[in-house]
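Under our numbering, the residues of the sequence shown are numbered 1 to 67, in order.
Bear in mind the hints are in silico, worked out from the structure with no lab data behind them.
Please note that the accuracy of each hint is not assured.
[As the list claims (entries may be wrong)] With a cut-off of at most 20 angstroms between alpha-carbon atoms, the simulated SDA-like pairs for lysine to any residue come out as follows:
no. : residue 1 : residue 2
1   : LYS49     : ASN28
2   : LYS53     : LYS38
3   : LYS49     : PHE13
[Stated by the list, open to error] Quick list of simulated restraints, FRET-style, between CB atoms:
no. : residue 1 : residue 2 : range
4   : GLY55     : PHE16     : 33 to 39 angstroms
5   : ALA7      : LYS53     : 24 to 30 angstroms
6   : ALA64     : ASN28     : 16 to 22 angstroms
7   : ASP14     : LEU57     : 35 to 41 angstroms
8   : GLY55     : ARG19     : 15 to 21 angstroms
9   : ARG19     : LEU47     : 29 to 35 angstroms
10  : ARG46     : THR66     : 17 to 23 angstroms
This one's a predicted model, so the numbers in the text were calculated from it and none came from an experiment.
Where a beta carbon is used, it is the ideal one built from N, C-alpha and C, also for glycine.
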Amino acid sequence: MTEAVAAFTDFCFDNFPIRRISAAVFANNPASARMLEKAGFLFEGRLKKNVIKDGKLLDSLLYAKTR
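Taking the hints into account, I'd like the entire structure generated from these sequences.
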């Protein structure tokens with residue numbers, strides 16, 4: 001999955017006039033956070049009580065990669 005995200009990110013930067021791609025993951029999912037970090041995304045912050053999943057209010061972690 002890391003390779004796919006990295007390849008897709010590179011494709012977007014190469015083919016579209018964008019400077020930034022962001023992604024958010026559930027704070028209780030460290031595997032997704034690690035995958036984004038391996039793909040070159042940087043942690044930007046925690047959004048507290050940002051999303052509801054299965055009736056529970058969860059934090060999300062915001063990551064971004066810039067050109």
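Outcome of the hint check:
no. : hint                              : result
1   : LYS49 x ASN28                     : holds, 12 angstroms
2   : LYS53 x LYS38                     : violated, 25 angstroms
3   : LYS49 x PHE13                     : violated, 31 angstroms
4   : GLY55 x PHE16: 33 to 39 angstroms : holds, 37 angstroms
5   : ALA7 x LYS53: 24 to 30 angstroms  : holds, 28 angstroms
6   : ALA64 x ASN28: 16 to 22 angstroms : holds, 20 angstroms
7   : ASP14 x LEU57: 35 to 41 angstroms : holds, 38 angstroms
8   : GLY55 x ARG19: 15 to 21 angstroms : violated, 37 angstroms
9   : ARG19 x LEU47: 29 to 35 angstroms : violated, 21 angstroms
10  : ARG46 x THR66: 17 to 23 angstroms : holds, 19 angstroms
Hints 2, 3, 8 and 9 from the list above are not met by this structure, while the remaining hints are.
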